[in-house]
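> The whole structure should be built from the sequences, with the hints applied where relevant.
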Amino acid sequence: MQNILSVEKIEKYYGNKGNITKAIDNISFRVSKGEFLGIMGPSGSGKTTLLNCISTIDNVTTGKIIINNKDITVLKAKALEEFRRDELGFIFQDFNLLDTLSAYENIALALTIQKRDVKEIDHLIKNVAKKLEITEILNKFPFQLSGGQKQRVACARALVTDPSLILADEPTGALDSKSARLLLDSFEKLNKEYQSTILMVTHDSFTASYANRILFIKDGRIFNEIIRGNDTRKEFFNKIIEVVTLLGGDVGNVL
Amino acid sequence: MYSKIAINNVKMSFRDYAIYFLTLTLAVCIFYSFNSIESQNAILELNKNATFMLTLNKLIAGTSIFVSFVLGGLIIYANKFLIKKRKKELGIYMTLGMSKGKISIILLFETFLIGTVSLVAGILLGIIGSQGLSILVANILSVDMDKYKFVISSSAVIKSILYFGIIFLLVMIFNQFTISKYKLIDMLNAAKKNEEVKLKNAFVSVLLFMLSMVLLTIAYTRILKTGLNADNTELLVTITIGFIGTLLFFFSLSNFFVHIVQKSKRIYLKDINIFIIRQINNKINTNFLSMTLICLMLFVTITLLFAAFDLKGTIDRNSAGNRDYDASAFLIVDNKNENTMVNDIEEYLNAINFKFSTNEKHAFYSEYKLNITIEDLLSKYLSMQEQIHLEQNYLGGKISAITISDYNSIIKLNGYDPIELKKNEVLVVSNYSRVNSALPDYMKNENIINIENKAYTIKNQAPIEENIKVTGGNEFFYLVIPDNFSGDLQLEFTSFNVIYDDNNYENSEEKFSNLFNNLFEDKYRDINPALVIGSTKNQIQDKDNGFAALIVFLGLFLGLIFIISSAAIMALQQLSDASDSLERYKSLKKIGVTEKLINKAILRQSLIYFLLPLGLAVIHSIVGISAVNNIFTFHYQSIIVSSSLLLIIYGAYFYATYAGVKNIINNSN
Ligand SMILES: Nc1ncnc2c1ncn2[C@@H]1O[C@H](COP(=O)(O)OP(=O)(O)O)[C@@H](O)[C@H]1O
Ligand SMILES: [Mg+2]
Numbered sequence: 001m002q003n004i005l006s007v008e009k010i011e012k013y014y015g016n017k018g019n020i021t022k023a024i025d026n027i028s029f030r031v032s033k034g035e036f037l038g039i040m041g042p043s044g045s046g047k048t049t050l051l052n053c054i055s056t057i058d059n060v061t062t063g064k065i066i067i068n069n070k071d072i073t074v075l076k077a078k079a080l081e082e083f084r085r086d087e088l089g090f091i092f093q094d095f096n097l098l099d100t101l102s103a104y105e106n107i108a109l110a111l112t113i114q115k116r117d118v119k120e121i122d123h124l125i126k127n128v129a130k131k132l133e134i135t136e137i138l139n140k141f142p143f144q145l146s147g148g149q150k151q152r153v154a155c156a157r158a159l160v161t162d163p164s165l166i167l168a169d170e171p172t173g174a175l176d177s178k179s180a181r182l183l184l185d186s187f188e189k190l191n192k193e194y195q196s197t198i199l200m201v202t203h204d205s206f207t208a209s210y211a212n213r214i215l216f217i218k219d220g221r222i223f224n225e226i227i228r229g230n231d232t233r234k235e236f237f238n239k240i241i242e243v244v245t246l247l248g249g250d251v252g253n254v255l
Numbered sequence: 001m002y003s004k005i006a007i008n009n010v011k012m013s014f015r016d017y018a019i020y021f022l023t024l025t026l027a028v029c030i031f032y033s034f035n036s037i038e039s040q041n042a043i044l045e046l047n048k049n050a051t052f053m054l055t056l057n058k059l060i061a062g063t064s065i066f067v068s069f070v071l072g073g074l075i076i077y078a079n080k081f082l083i084k085k086r087k088k089e090l091g092i093y094m095t096l097g098m099s100k101g102k103i104s105i106i107l108l109f110e111t112f113l114i115g116t117v118s119l120v121a122g123i124l125l126g127i128i129g130s131q132g133l134s135i136l137v138a139n140i141l142s143v144d145m146d147k148y149k150f151v152i153s154s155s156a157v158i159k160s161i162l163y164f165g166i167i168f169l170l171v172m173i174f175n176q177f178t179i180s181k182y183k184l185i186d187m188l189n190a191a192k193k194n195e196e197v198k199l200k201n202a203f204v205s206v207l208l209f210m211l212s213m214v215l216l217t218i219a220y221t222r223i224l225k226t227g228l229n230a231d232n233t234e235l236l237v238t239i240t241i242g243f244i245g246t247l248l249f250f251f252s253l254s255n256f257f258v259h260i261v262q263k264s265k266r267i268y269l270k271d272i273n274i275f276i277i278r279q280i281n282n283k284i285n286t287n288f289l290s291m292t293l294i295c296l297m298l299f300v301t302i303t304l305l306f307a308a309f310d311l312k313g314t315i316d317r318n319s320a321g322n323r324d325y326d327a328s329a330f331l332i333v334d335n336k337n338e339n340t341m342v343n344d345i346e347e348y349l350n351a352i353n354f355k356f357s358t359n360e361k362h363a364f365y366s367e368y369k370l371n372i373t374i375e376d377l378l379s380k381y382l383s384m385q386e387q388i389h390l391e392q393n394y395l396g397g398k399i400s401a402i403t404i405s406d407y408n409s410i411i412k413l414n415g416y417d418p419i420e421l422k423k424n425e426v427l428v429v430s431n432y433s434r435v436n437s438a439l440p441d442y443m444k445n446e447n448i449i450n451i452e453n454k455a456y457t458i459k460n461q462a463p464i465e466e467n468i469k470v471t472g473g474n475e476f477f478y479l480v481i482p483d484n485f486s487g488d489l490q491l492e493f494t495s496f497n498v499i500y501d502d503n504n505y506e507n508s509e510e511k512f513s514n515l516f517n518n519l520f521e522d523k524y525r526d527i528n529p530a531l532v533i534g535s536t537k538n539q540i541q542d543k544d545n546g547f548a549a550l551i552v553f554l555g556l557f558l559g560l561i562f563i564i565s566s567a568a569i570m571a572l573q574q575l576s577d578a579s580d581s582l583e584r585y586k587s588l589k590k591i592g593v594t595e596k597l598i599n600k601a602i603l604r605q606s607l608i609y610f611l612l613p614l615g616l617a618v619i620h621s622i623v624g625i626s627a628v629n630n631i632f633t634f635h636y637q638s639i640i641v642s643s644s645l646l647l648i649i650y651g652a653y654f655y656a657t658y659a660g661v662k663n664i665i666n667n668s669n
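Quick mapping for you: the protein sequence lines, in order, are chains D and Y. Sequential numbering from 1 applies to the first sequence in UniProt numbering. Sequential numbering from 1 applies to the second sequence in UniProt numbering.
To be clear, the hints were calculated from the coordinates, so they are not data collected in a lab. Everything numeric in this text was worked out from a predicted model, so none of it was measured. Ideal Cβ positions, reconstructed from N, Cα and C, are used throughout, including at glycine. There may be inaccurate statements among the hints.
Unchecked claim - Residues of chain Y placed beyond 10 Å of chain D at every Cβ, according to the derived structure:
id, residue
1, I65
2, G115
3, V157
4, K361
5, D376
6, K380
7, G472
8, D488
Claimed, not checked - Example chain D residues on the side facing chain Y (calculated, C-beta under 10 Å, incomplete):
id, residue
9, A77
10, E82
11, R84
12, L88
13, F90
14, F95
15, L98
16, T100
17, Q114
Claimed, not checked - Output of the computed footprint for chain D on chain Y, the stretches with three or more beta carbons under 8 Å from beta carbons of chain D:
id, stretch
18, 272-282
19, 594-602
Now the structure itself:
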């Protein structure tokens, strides 16, 4: 399997002399093409920090992050911006949709900043909207949408550019359980049918149970790793709960 | 303790306060500069003339009151923005148990602090600025600045402190009022408030936009057709149509604009234009009223500055080649009352015992009225509007005449050779070609003037444009007639012109200006009750210059205040909008929009936002000014001076806004 992402011995410190927080403490892992990786851990364990480092929003203190054979820790600011724009898709807990733009325009924006040809934009949007079943709401504005719909629009925006890697930070965090389920079904479909590579951060066991593989982190270190293999989701979920109890975190949602 | 919180607050939110502070300081500076003018020696030097100083002082006092109303409104408006931005912070104070009264005291301190600092800074800046203004005034009044002195006007300082003190007091009262109305829950939720996106029917907005275009076109054609000569109600109707047109324009513009741009996928789907367009749409949508106000303020400013500087140009031009004599006087002949003592100015001067010295070259002459009016003469070549214009400016009526021998005697003073005139010939002496093209057209097409059914040939090809005397009026029309003219002649004035000798210039000037002042004050009534009016070239120039100075002065004063007011409103709106849109920019960054692209977006937004009202105002002004005057007869300088003034101030605010917005957005993480 082709390697999309390699994280090698990264560390991230916050603060200055005498008052240092090690948010990430020597983490390494790899993600292959078409994988759906979950990252779990209690609050404050460094999940967001890890994702920010991978997504080039923040930079590591030491270590290497290689995405698609490019070491992003050595890229210059301008190259980073282009890299982020062309290779990565983001889905955030709080959607980050622009309230002044319609759903259609929000998705289009991801393409126009890539300077895509005007003629293909409409076609690409219609396609991704069909995949995520949001064709009917394309002309609505965010304030007219439910949380779940908003997140699917955000998802469409992340996907429409066909990125090598989709990064999601607590994507279900702001959704009710029904919307969360719908969104996760979409993720599963994207991963299974369209071979999208997804890296999802969550503290919620149910959400995590949709992934193929899960890394557990605590205090900035990898604590455990479990692989779904041929388990049903229910079985996988139970395994997750076990680890979470071991970790001493909250159990979260129950099926 | 509270003063400490207040000082810290001002320090902390300096970025928010910067534009507010800048505006206050500029306002105080301008206010001081103009009020200090009465003690600037440029003015003192020129006008020992008491009435001029009185008019100047009265006008400045009146304008100052008006200006302080405008500024008071502006400051309260700006202050409202600041309070709105800080609602949440104030809310937190309240949850911590601080009473409203105490919060009021903090705000009071803050206003006081900002007020004092900007007042002091403004006056200091004004003291420097007023020296520049003084140089400008000296320039306008053609006064030598060799006696230049650094002046600080204590009365202007006191006045500035008093007026702005009152304004700040009002702001404080207003703040108390606002705070007392706020509810805690609203204050805490202030930041969360969702931008209400008004969805408007595209069809309606297109329709409204068309309507605004139609209204503006109607207003423009109306004003261009009748000029300002239409009667008041007509003019009022035009202004109302123009106002509603402008209002509708800004009301519908953004929706219309979005609609149109969406049609052009090439623009719409380029970079982050989608975002920019929606941002602007939102902003104009909520601010259309203030946009209209700003547009109209800029319109008034541009027109004012243009008119002011142009008037100065006109006066300069008129005094340039116009007066070839050093002084003139005329006696108004009393035709109704036959038994008056004397109608001849020469006898009058003898009676009051006034004598010309030998080096004062002079000539006496008589001015008559012919039995033909200017309208009769030029009727074929005058448009309706020109005819109204002539009448309204007292340029119509019976044509004045002077005999050829009198004419020759006065031009001889300037060393010209006498002109010969046959008994059926006339000369045209007039500068009416400046007023309209009727006279040149007439002289091109016809070479005969009929007076009382008798034809006279016009001897000159083009009118002689040198006036026959020194006078305050700018336009003149004379026919020079043969000595044995047979038609009806009514004696109107008996007059004289003088040219001083260069060696004795000062003495003669003093002698004649004294005479004319005495005449003006009617000192010789007991000797002879006839009405005699005279002026020296210098007197007229001073009067013209003083008048020009007044107009330029008030034009500048109001213009500057209006520009900073409009620019400050735009800037405040932009900055407060930037803070409101912070989340949006953060989202943009997160989805991978480059900083370069974001800066471009900010630049475009600010530019469009600043240029829209200015653009419409410029179009309004071009139309408005052409209604009064042919735009192309304007002087270069007036265009350059007034537009550079406008551009510098407006541009500075634009740049400050752009930098401020960029700073707010790029420094947030
Ligand atoms: N900007 C920052 N400055 C200092 N410490 C930070 C910063 N961001 C996060 N941290 C610290 O790093 C640790 C990991 O935080 P984070 O990655 O946000 O955790 P999670 O997303 O897993 O809840 C926490 O202890 C947090 O306090
Ligand atoms: Mg987090």
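> State for each hint whether it applies.
Each hint tested on the structure:
No beta-carbon of chain D comes within 10 Å of the beta-carbon of I65(Y); the shortest separation is about 43 Å. Distance to chain D confirms G115(Y) as a non-interface residue, since its nearest Cβ pair spans about 37 Å, more than 10 Å. With a cut of 10 Å on Cβ distances, V157(Y) stays outside the contact zone with chain D, its closest approach being about 48 Å. Every Cβ of chain D is farther than 10 Å from the Cβ of K361(Y); the closest lies at roughly 80 Å, confirming the non-interface assignment.
At the 10 Å boundary, the C-beta of D376(Y) stays outside the reach of chain D, the nearest C-beta of that chain being 68 Å off. Look at K380(Y): its CB is around 62 Å from the nearest CB on chain D, clear of 10 Å, so calling it non-interface holds up. Every beta carbon of chain D lies more than 10 Å from that of G472(Y), the smallest distance being close to 62 Å; the non-interface claim holds. Taking the minimum C-beta to C-beta distance to chain D, about 80 Å, the non-interface status of D488(Y) holds against the 10 Å cut.
Here the hint on A77(D) is kept, as its CB sits about 8 Å from the closest CB of chain Y, short of 10 Å. With its C-beta approaching chain Y no nearer than about 8 Å, E82(D) sits inside the 10 Å limit, and its interface hint holds. Contact between R84(D) and chain Y, as hinted, is supported at the beta carbon level, the nearest pair being about 4 Å apart and thus within 10 Å. Using the Cβ-Cβ criterion of 10 Å, the hint placing L88(D) at the interface with chain Y is satisfied: the shortest such distance is roughly 7 Å.
Nearest Cβ of chain Y to the Cβ of F90(D): about 6 Å, under the 10 Å cut. The hint holds. Checking F95(D) against chain Y by beta carbon gives a least distance of about 8 Å; that is within 10 Å, so the hint holds. Interface hint status for L98(D): upheld, as the beta-carbon distance to the closest one in chain Y is roughly 5 Å, under 10 Å. With a cut of 10 Å, the hint placing T100(D) at the interface with chain Y holds, because the nearest CB-to-CB distance is about 4 Å.
Evaluation of the Q114(D) hint against chain Y yields a held restraint, the C-beta minimum of about 9 Å falling below 10 Å. Given a C-beta distance limit of less than 8 Å, the hint that chain D covers the stretch 272-282 of chain Y holds, as 8 residues qualify and 3 suffice. Counting residues of the stretch 594-602 of chain Y whose CB lies closer than 8 Å to any CB of chain D gives 3, so the stated coverage by that chain holds, three being the minimum.
The structure fails none of the hints (numbered hints given earlier).
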